[in-house]
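Let the hints inform the model, and build the full structure from the sequences given.
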Amino acid sequence: MLVYHRLSHLKLLVPPSSLKKQGKMTEAIVSAVVETLGGLLVEEAKFLSGVTDQVQEVSRELKRMQCLLRDADTITDHRDETARNWLKEIRNLTYRAEDIVEAFAVEVASKRRGRGLKKVLTRLACIFCESRSLHNLGLEIAKVRTDITNLTTSNSGQFEGESSAGGATVTNENHKWARQTYAHEVEEYFVGMEEDMRKLVSLIIDDDHKHHPIISVWGMGGLGKTTIVRKLYKHRDVQRCFQRFAWVCITQQAQVRGILQDILLQLFPEKKKEIKDLEDRELVQQLYRVQTENKCLVVLDDIWYMHDWENLVHAFPVVEGRSKILLTTRAKDVAEIGFPYELECLNDKKSWELLKVIAFSRKGVQDLNTELKLEAVGIEMVHKCGGLPLAICVLGGILKDKDSLRDWQIVNKNIDSYLSTGKGSEEGSGGGAIARVLSLSYNALPYHLKPCFLYLGNFREDEEINAEQLYLLWMAEGMILSQHQRSGETLREVAERYLSELGQRSMLEVHAHKLSSFRRFESCHLHDMMRDFCLEKGRAEEFIGVIDLRGVKNPLLNSFPAVDRLVIHTNACYRSPY
Numbered sequence: 001m002l003v004y005h006r007l008s009h010l011k012l013l014v015p016p017s018s019l020k021k022q023g024k025m026t027e028a029i030v031s032a033v034v035e036t037l038g039g040l041l042v043e044e045a046k047f048l049s050g051v052t053d054q055v056q057e058v059s060r061e062l063k064r065m066q067c068l069l070r071d072a073d074t075i076t077d078h079r080d081e082t083a084r085n086w087l088k089e090i091r092n093l094t095y096r097a098e099d100i101v102e103a104f105a106v107e108v109a110s111k112r113r114g115r116g117l118k119k120v121l122t123r124l125a126c127i128f129c130e131s132r133s134l135h136n137l138g139l140e141i142a143k144v145r146t147d148i149t150n151l152t153t154s155n156s157g158q159f160e161g162e163s164s165a166g167g168a169t170v171t172n173e174n175h176k177w178a179r180q181t182y183a184h185e186v187e188e189y190f191v192g193m194e195e196d197m198r199k200l201v202s203l204i205i206d207d208d209h210k211h212h213p214i215i216s217v218w219g220m221g222g223l224g225k226t227t228i229v230r231k232l233y234k235h236r237d238v239q240r241c242f243q244r245f246a247w248v249c250i251t252q253q254a255q256v257r258g259i260l261q262d263i264l265l266q267l268f269p270e271k272k273k274e275i276k277d278l279e280d281r282e283l284v285q286q287l288y289r290v291q292t293e294n295k296c297l298v299v300l301d302d303i304w305y306m307h308d309w310e311n312l313v314h315a316f317p318v319v320e321g322r323s324k325i326l327l328t329t330r331a332k333d334v335a336e337i338g339f340p341y342e343l344e345c346l347n348d349k350k351s352w353e354l355l356k357v358i359a360f361s362r363k364g365v366q367d368l369n370t371e372l373k374l375e376a377v378g379i380e381m382v383h384k385c386g387g388l389p390l391a392i393c394v395l396g397g398i399l400k401d402k403d404s405l406r407d408w409q410i411v412n413k414n415i416d417s418y419l420s421t422g423k424g425s426e427e428g429s430g431g432g433a434i435a436r437v438l439s440l441s442y443n444a445l446p447y448h449l450k451p452c453f454l455y456l457g458n459f460r461e462d463e464e465i466n467a468e469q470l471y472l473l474w475m476a477e478g479m480i481l482s483q484h485q486r487s488g489e490t491l492r493e494v495a496e497r498y499l500s501e502l503g504q505r506s507m508l509e510v511h512a513h514k515l516s517s518f519r520r521f522e523s524c525h526l527h528d529m530m531r532d533f534c535l536e537k538g539r540a541e542e543f544i545g546v547i548d549l550r551g552v553k554n555p556l557l558n559s560f561p562a563v564d565r566l567v568i569h570t571n572a573c574y575r576s577p578y
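Under UniProt numbering, the first residue of the sequence shown carries the number 1, and numbering increases by one thereafter.
It is possible that some hints are incorrect.
[Claimed, not checked] Below, a list of computed lysine-lysine pairs in the DSS-like style, where the Cα atoms sit at most 27 angstroms apart:
(1) K373 - K234
(2) K384 - K373
(3) K400 - K231
(4) K400 - K350
(5) K356 - K234
(6) K400 - K413
(7) K295 - K273
(8) K199 - K295
(9) K514 - K332
(10) K349 - K402
[To be verified] FRET-style restraints, in silico, Cβ to Cβ:
(11) N443 - E274: 12 to 22 angstroms
(12) E336 - K143: 49 to 59 angstroms
(13) A183 - S500: 18 to 28 angstroms
(14) L515 - N571: 14 to 24 angstroms
(15) S361 - R436: 32 to 42 angstroms
(16) S361 - A476: 47 to 57 angstroms
(17) Q255 - Q285: 45 to 55 angstroms
None of these hints come from the bench; they were simulated from the model. Owing to the predicted nature of the structure, the values given are computational and were not obtained by experimental measurement. The beta carbon of each residue, even a glycine, is placed where N, CA and C say it ideally should be.
As structure tokens, this is what we get:
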């Protein structure tokens, strides 16, 4: 793997072990650049005589932008083209600010190398050149300062105004409705999770409340958590076991009072008017009492954050009574409030069974020979889906109207394009659904973890990423922020925490180190669908672009995408030193 960094002063084509620090995306970009500029002001002050004040002013301007970016970055996906362009301009300006200062520091440092007489003669010859470079640096820094000030002044108001405007409220409300799930919906296809169903039913109907009062179904987006819980909710043994039922969808925009009211209304619909008039404290107490007096099953679907559970927990008798809570989540820490049941991807056999049910739902294959050929292509396609049920369902929707072996082979050949766009699938089941589901996890990441996740797109498909190598790469890139260091903690330990949190949020799979107490993780791995999303998001953010030259005889490298780093995979063997 080779990584090309787009720098104004250096043209690098280097293995990943020698990467330089660069600015990051949106607020993370600004945070990293501010740290870089601060380091340059200390370490390279002798090279920056005469422009130090200007560099400090750029750093202060960038810090002021962080206040705006913390809000703007979380709503970028829901804004118009003007807002997205504004954030793009910020990224470009931060890159410029760092590149300009680093360019001068590198240029001067390279001229000051050498020893003895040669060094003296070189220094005398370069005094004039350095003065000229300082003058040019001052002009460029002044231009960056002006551009930052103009950009902040002219565009920042739109985020403040829109955040309080009715349009933003409507947008948030629409997104909330789009994320809602309902117990009454019928699952048309349910294949490959029968063993999970059997185990979960046994856990739910277990009368020993103290063992498992809370059961958490968790895993990455697209695994079918809501699908299996909806089946459990309607299962006849479960229906016979409980007296009252309630289903609520929490989402990332949890409204505590509305959620508690909804649960109580479902448990006691005949008391609708009384419930709406209850004060907050009365509402919690009433809901708690109902669940101790009746055997209730309450589903909390799609809960994201521990603080949401901490706000809700007072209304649930988790240590007394016979009621149970069944929840779904992508976060491991949330799952561990109860008995965590992790859903896993389907194997190839189960994946094919699911695809076959969906793809052949409108047709039957009469010819056994044709069926066997379709099966061979189908198994190859579901393997590329990585066993993710959501991706398989999208693929099945695409293949529903494709009868011939040739049609299936065309889809197989262009499967990445089909899954990303959903071309040919039914409305609402297209590849866009995969991106929407996975982007929810990405958007929920703290600002400092977003570039760390996108950086994983550097690595090859199905590659086991060495954890120690990854820590060093993140640190070399300036992605591990010193402001997150705890007392006595090294940057490597901060990087380890970053990786742990990405794993906790189901963004990747981490593998524990079995032989070392110092090294917590040995490696990590991206699911194929998550890697595709990572690369697509990285291109959209101009953060990363990947060119795979393996098997390409005559590559054309004269049209690199406009990204901050370009990854080139070749057949040449790169041996990691770690």
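Checked hints:
1. Of the supplied pair hints, the one linking K373 and K234 is violated, its CA atoms being roughly 38 angstroms apart against a limit of 27 angstroms.
2. A hinted pair counts as satisfied when its Cα atoms are at most 27 angstroms apart, and K384 with K373 qualifies at roughly 17 angstroms.
3. With a CA separation close to 24 angstroms, the supplied pair K400 and K231 stays within the 27 angstroms bound.
4. Distance restraint check for K400 and K350: the Cα-Cα separation of roughly 18 angstroms lies within the 27 angstroms cut-off, and the hinted pair is therefore satisfied.
5. This hinted pair checks out: K356 and K234 have alpha carbons roughly 25 angstroms apart, not beyond 27 angstroms.
6. A threshold of 27 angstroms between alpha carbons decides the hint, and for K400 with K413 the separation of about 17 angstroms falls inside it, so the pair holds.
7. Restraint check for K295 and K273: satisfied, since their Cα atoms lie roughly 23 angstroms apart, inside the 27 angstroms limit.
8. At roughly 21 angstroms between alpha-carbon atoms, K199 and K295 fall within 27 angstroms of each other, so this suggested pair holds.
9. For the given pair, K514 sits about 21 angstroms from K332 by alpha-carbon distance, which is consistent with the 27 angstroms threshold.
10. Pair hint K349 plus K402 holds up; C-alpha atoms about 21 angstroms apart against a cutoff of 27 angstroms.
11. Under the hint 12 to 22 angstroms, the C-beta atoms of N443 and E274, about 38 angstroms apart, miss the expected range.
12. For the pair E336 and K143, the beta carbons lie near 52 angstroms from each other, so the given range of 49 to 59 angstroms is met.
13. For A183 and S500, the Cβ-Cβ distance of about 34 angstroms falls outside the hinted range of 18 to 28 angstroms, so the restraint is violated.
14. Between L515 and N571 the beta carbon distance is about 32 angstroms. The supplied range of 14 to 24 angstroms is therefore violated.
15. Evaluation of the 32 to 42 angstroms hint for S361 and R436 yields a failure: the beta carbon distance comes to about 24 angstroms.
16. In this structure, S361 and A476 meet the distance hint of 47 to 57 angstroms, their C-beta atoms being roughly 51 angstroms apart.
17. Look at Q255 against Q285: about 19 angstroms separates their beta carbons, and that is not inside 45 to 55 angstroms.
Hint violations for this structure: numbers 1, 11, 13, 14, 15 and 17, all remaining hints satisfied.
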